[in-house]
Amino acid sequence: MKEKLTKIREEAIKRIGEIDNLDRLNDIRVAYLGKKGELTALLKSMKDVSAEDRPKVGQMVNETREQIERQLEEAKKRVESAALNERLKRETIDVTLPASAPKMGHRHPNTIALEEVERIFIGLGYEVVSGPEVEKDYYNFEALNIPADHPAKDEQDTFYINGDILLRTQTSSVQIHEMEKGRLPIRMIAPGRVFRSDEVDATHSPCFHQIEGLVIDDQVTFADLKGTLDSFAKQLFGEDTKVKFRPHHFPFTEPSAEMDVSCFKCGGKGCRFCKGSGWIEILGCGMVHPHVLELRGIDPEKYVGFAFGVGLERIALLKYEIDDMRLMYENDDRFLSQF
Amino acid sequence: MNSALSWIKAYVPELECTDQEYFDRMTLTGTKVEGFTRLDKNLEKIVVGKILKIEKHPDADKLIVCQVDVGSETIQIVTGAPNVSEGDMVPVVLDGGKVAGGHDGGPLPEDGISIKNGKLRGVESFGMMCSIEELGSDRNFYPEAPEYGIYIFSNPELKPGDDAVAALGLHDTVFEYEITSNRVDCYSILGIAREAAATFDKPFVPPVVKETGNGEDVNDMVKVEVEAPDLCTRYCARVVKNIKIAESPEWMKRRLAASGIRPINNIVDITNYVMEEYGQPMHAFDLDQVSGNKIVVKRANDGDKFVTLDGQERILDKDVLMICDAEKEIGIAGIMGGENSKITDDVKTMLFEAATFNGPNIRKSAKRLGLRTDASGKFEKGLDPRNALDAINRACQLIEELGAGEVVGGVVDVCAGLKDEVELEFKPEKYNKLLGTDVSKEQMLEIFGKLDIVYKPESNMLHIPSFRQDLLGQADIAEEVARFYGYDKIPMTLPGGEGMEGRLAYTMQIEAIAREAAERCGFSQAMFYSFESPKVFDKLLIAEDDKLRQAISISNPLGEDFSIMRTTTLNGMLTSLSLNFNRRNKDVRLYELGNIYVPKALPLTELPDERMQFTLGFYGDGDFYSLKGAVETFLKLVGMKNEVEYDPNGGLSFLHPGRQAVMSYDGTVIGYLGEVHPKVCANYGMKCRAYVAVLDMPAIVPLTGFEHKFEGIAKFPAVTRDISMVVPKGVLAGDIEKMIRQRGGKILENVSLFDLYEGDQVKAGHKSIAYSLSFRHKEKTLSDDEVNASMKKILNGLESMKIELRS
Chain H
1 MKEKLTKIRE EAIKRIGEID NLDRLNDIRV AYLGKKGELT ALLKSMKDVS AEDRPKVGQM
61 VNETREQIER QLEEAKKRVE SAALNERLKR ETIDVTLPAS APKMGHRHPN TIALEEVERI
121 FIGLGYEVVS GPEVEKDYYN FEALNIPADH PAKDEQDTFY INGDILLRTQ TSSVQIHEME
181 KGRLPIRMIA PGRVFRSDEV DATHSPCFHQ IEGLVIDDQV TFADLKGTLD SFAKQLFGED
241 TKVKFRPHHF PFTEPSAEMD VSCFKCGGKG CRFCKGSGWI EILGCGMVHP HVLELRGIDP
301 EKYVGFAFGV GLERIALLKY EIDDMRLMYE NDDRFLSQF
Chain W
1001 MNSALSWIKA YVPELECTDQ EYFDRMTLTG TKVEGFTRLD KNLEKIVVGK ILKIEKHPDA
1061 DKLIVCQVDV GSETIQIVTG APNVSEGDMV PVVLDGGKVA GGHDGGPLPE DGISIKNGKL
1121 RGVESFGMMC SIEELGSDRN FYPEAPEYGI YIFSNPELKP GDDAVAALGL HDTVFEYEIT
1181 SNRVDCYSIL GIAREAAATF DKPFVPPVVK ETGNGEDVND MVKVEVEAPD LCTRYCARVV
1241 KNIKIAESPE WMKRRLAASG IRPINNIVDI TNYVMEEYGQ PMHAFDLDQV SGNKIVVKRA
1301 NDGDKFVTLD GQERILDKDV LMICDAEKEI GIAGIMGGEN SKITDDVKTM LFEAATFNGP
1361 NIRKSAKRLG LRTDASGKFE KGLDPRNALD AINRACQLIE ELGAGEVVGG VVDVCAGLKD
1421 EVELEFKPEK YNKLLGTDVS KEQMLEIFGK LDIVYKPESN MLHIPSFRQD LLGQADIAEE
1481 VARFYGYDKI PMTLPGGEGM EGRLAYTMQI EAIAREAAER CGFSQAMFYS FESPKVFDKL
1541 LIAEDDKLRQ AISISNPLGE DFSIMRTTTL NGMLTSLSLN FNRRNKDVRL YELGNIYVPK
1601 ALPLTELPDE RMQFTLGFYG DGDFYSLKGA VETFLKLVGM KNEVEYDPNG GLSFLHPGRQ
1661 AVMSYDGTVI GYLGEVHPKV CANYGMKCRA YVAVLDMPAI VPLTGFEHKF EGIAKFPAVT
1721 RDISMVVPKG VLAGDIEKMI RQRGGKILEN VSLFDLYEGD QVKAGHKSIA YSLSFRHKEK
1781 TLSDDEVNAS MKKILNGLES MKIELRS
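Protein chains in written order, with our numbering: chain H, 1 to 339; chain W, 1001 to 1807.
Hints listed in this document are in silico derivations from the structure and should not be mistaken for laboratory results. Even for Gly, the Cβ is constructed at its ideal location relative to N, Cα and C. Watch out, some of these pointers could steer you wrong.
[Said to hold, decoys possible] Here are the simulated SDA-like cross-link-like pairs (lysine to any residue), alpha carbons at most 25 Å apart as the crow flies: (1) W:1600 to H:193; (2) H:153 to W:1492; (3) W:1628 to H:295; (4) W:1009 to W:1201; (5) W:1419 to W:1458; (6) H:153 to W:1033; (7) W:1433 to H:193; (8) W:1427 to W:1373; (9) H:269 to W:1037; (10) W:1305 to W:1244.
[Stated by the list, open to error] These stretches of chain H come out as covered by chain W in the derived footprint (C-beta under 8 Å, 3 or more residues): (11) 86-92; (12) 190-198; (13) 215-227; (14) 313-324.
[As the list claims (entries may be wrong)] Calculated from the model, a selection of chain W residues having no Cβ within reach of chain H, i.e. all distances over 12 Å: (15) 1027; (16) 1035; (17) 1373; (18) 1382; (19) 1483; (20) 1492; (21) 1555; (22) 1563; (23) 1587; (24) 1669.
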């Protein structure tokens, strides 16, 4: 009996060692441990064993069974592991092949620049508002201290619909609409489309965009205007940006200024980009003219304000080094997809 | 405005600065300098030489060999110039020197041209004699220079070895200014010089105008009547007799040349000189051509014709102001004189006019006549009448100094009344409060002193000089303080006051989501013009009586192509798609957010309705349903979760009749989408299918919402049933789904189409559709009976629609 058991065990272990797939493993399990298996058959023949030997033999059979089961278990792990390794090897891919993301569209450079400007001013507590593009002469000129005979009306080549209605030449008209709402203080920026009768070329478009800014409060100073625009310039063009304010003239602000920023290409040393001056003209600004406040029924003795106007295309063209304004309205996919 | 720095320095004698310093500091006090050009750029080692001897070149017919005394030595120079003689004084560039340009007067090379000793046809030449072109100028500014050849000095005081560049007045810099429209006074040398003096804190020394004239009184010779005092604020006239036309002196010619004005003769030059110096244009009439020795200033009659001194006939109207004599018109006021009274070289007696006119009237007249002149450009700014008298007296002083004629004593001065002089209260605290500065009262008064603003301590008033027409209120005074205190010294702070909430207006938030949605779906943002051609309606097959044709016209467009405000965004989209298609860009998807302009009535009496349109368009990869998917992506992102209804019967002429739908949401029309009609595609030169969707944002914004509420995760299992049917082609899947949803009851959770087939397996004119329905109850597991009851209702519904089920 004992020899039989030893023989079965050794034979089984040998066969288990040769296993290389799970089906085979199962066959062996059945062959030894199944209902008709060799070990089961041996167990059945226990009735021929003497009663006193039976516990001992039983123990031996069980030990053999456990050994075979353990071997089978190990073999299973070995085979599974080999199969997994085989699979992982087989599944190796070329990770440098192109990605398959859904094709995304691109935002217009004007909008990218605008969103940056909006983010900056929202952070400074400004509301972003809009106003009409087809506008009354009054809002575009008269209420901004540009009366009928003012030369500034000629300087801005205006598209007229009729004597009273025109295409706005500046987003400054939105200043007046905001003041008319009668809510003070005001802290707003108004981006939008403006129109001037310029023929299309590399630097002109009859249709372009501006961003107007207006703050009205009881205590606002020219120093606040400078500080605000300095913060704006640093956020937009980088922390090292320097600003320079030059006196200028706008009918609806007094004092007025133009702001230059240090050239963000050469850092102010002078290059082709800034035409050697180290500075780039970026916007016009000033303290709201008292007459403009008066016209809107705001007491200039109690309230003061500042305003500024930025050309959106100017910022976009500069920031993204676009050398031809026409590209902005042509919508060639090869242009748009670079943003 | 251009002018030589030397002319400015004539009135600010202590001014000493480099060109760059002048550029920077003037700009920082508000006299913006656009740029500057050194007139002696690349002119090195150039001296006056005297030609002592000229001999023929032994081997070249066209060359001569000159011995030239250049002060330190006598050198031999070979030249081909035809115009030199022995004894001539000429500019000579020595060995190792530089000239600015070639003798042909072409564009100047950036680094000039270096000159070295060399041999010409075997004869040694040490340096070069120069033409005016080689010195970087031309005959416009040096009319005495020969057309071809060496410049020959006429000044007898020059000696060999003198600085030739100085002798030509070229050690100078021309500055180009951008003067703002409010600073009328700075369109003059004196105005800029006054600013320069204040900027550099040096004394301003304007010319001293002396009394001029003989013992006669011009008032006995000439009468002036101003019939239109509203248009002519002042008219000053003086007379000069015994005129001797001659060349002007060098200094005057050089200053005019630097300002870009060609010297002509003493009379013309003096007029131009004073116009530059004082900013006051003047006109000279030949008094012998002025009948009745009388000047009448009056409006023209409609339709009058007049020949200006350029020989052109002009047609006048009653708003054009004319200068007339006793019988006829002799000049268009402030714009151009007449041919009939112009000064010729034979002039004997001349009437000088210095007048001021209504600026806007001059501007409009010049515009109507299409005749903008240097004079009208100045007058249209509205000149200071006080300046006119100074200017005419200055001109007469120059006439006497230059010996150009005999000035008759006195002035005829018709002045409708000068404006009251402006006085403003001095409010130092107010200026500091506005600027955010702490400038002392004394500092402010010092600044005013430099600007000729006189402080009167007894009344605490500031007296504004008449030439500063821009100083009208306290804010203007604050700017003067700021300019000379220094904009750069004003601190940088942020506004205090109550904190305010920054945000985008709601409509802009929705637009931002629209951009996000479009880009997620592969559409790139485009921008189109707001105006277009009225021809686009035909291109888009829009019916003659369609409301879209009711577009606003621009009265002064850039041309027909930009003449109406768009009422649809389709033309912009199709034009851009077509551009991409024709440039062979593949699979292009564009979107735009922009307004259309819908008039309430035409002609326009009130502002139009500006409606923001969200337009999507593409060609290439994709179909109607991909566009529909993009639209629904957007609607979902703005919280529009209900079903959108698609009506295929909108009859939009520009879309494929079988592939279009008008979209409604909760009963509101929100836009349309479809395949572009092949004829329209052809009109835009596109040989492919294109698709567009247009969403009307003002309709959509009120339907949006961002309320979110968690409704729990279903605990009980869903039961699914599939149904498959054969329906006539004309039956809309949307209608079937709608019926299923209505009949399915509360437990019907989801309906999804999983198969659609048209073809051989289905009978003609029909299509096969299969839906998967899923049922679920929130609080229990559904029984078969419950689901069957629902299904029965649905099947009955299908039957009533005459739809047969597939087994």
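Check your understanding: Do three or more residues of the region 313-324 of chain H come closer than 8 Å to chain W, measuring C-beta to C-beta?
Key -> Our answer is that it is violated, as 0 residues pass the Cβ test (under 8 Å) against chain W, missing three.
Review point. Would the pair residue 1427 of chain W and residue 1373 of chain W pass a check requiring their Cα atoms to be no farther apart than 25 Å?
Key: 42 Å, violated
Practice item. Determine whether the non-interface label on residue 1382 of chain W survives the test: each CB of chain H must be over 12 Å from its CB. Key: 9 Å, violated
Check your understanding: Holds or violated: residue 1419 of chain W with residue 1458 of chain W, Cα cutoff 25 Å?
Key -> 24 Å, holds
Exercise for review: Would you assess whether residue 1587 of chain W, listed as outside the interface, keeps its beta-carbon beyond 12 Å of every beta-carbon in chain H?
Suggested key: 8 Å, violated
Review point. Between residue 269 of chain H and residue 1037 of chain W, is the straight-line Cα distance small enough, at 25 Å or below?
Key: 20 Å, holds
Check your understanding: Do at least three Cβ atoms from the region 190-198 of chain H come closer than 8 Å to Cβ atoms of chain W?
Key -> Result for this restraint: holds, n = 3.
Review point. Hey, does residue 1373 of chain W actually stay past 12 Å from chain H on C-beta?
Key: About 16 Å separates residue 1373 of chain W from the closest Cβ of chain H, which puts it past 12 Å; holds.
**Study point:** No chain H beta carbon within 12 Å of residue 1483 of chain W's
**Key:** About 5 Å separates residue 1483 of chain W from the closest Cβ of chain H, which leaves it inside 12 Å; violated.
Review point. Does residue 1563 of chain W sit more than 12 Å from chain H, CB to CB?
Key: 10 Å, violated
**Study point:** Cβ separation check - residue 1669 of chain W to all of chain H, threshold 12 Å
**Key:** Its Cβ never comes within 12 Å of chain H, the nearest being 24 Å, so this holds.
Check your understanding: Is residue 1600 of chain W close enough to residue 193 of chain H, meaning Cα to Cα at most 25 Å?
Key -> At roughly 21 Å apart (the allowed maximum being 25 Å), residue 193 of chain H and residue 1600 of chain W satisfy the hint.
Checked against the numbered hints above, the structure violates hints 2, 3, 7, 8, 10, 11, 14, 15, 16, 18, 19, 20, 21, 22, 23; every other hint is satisfied.
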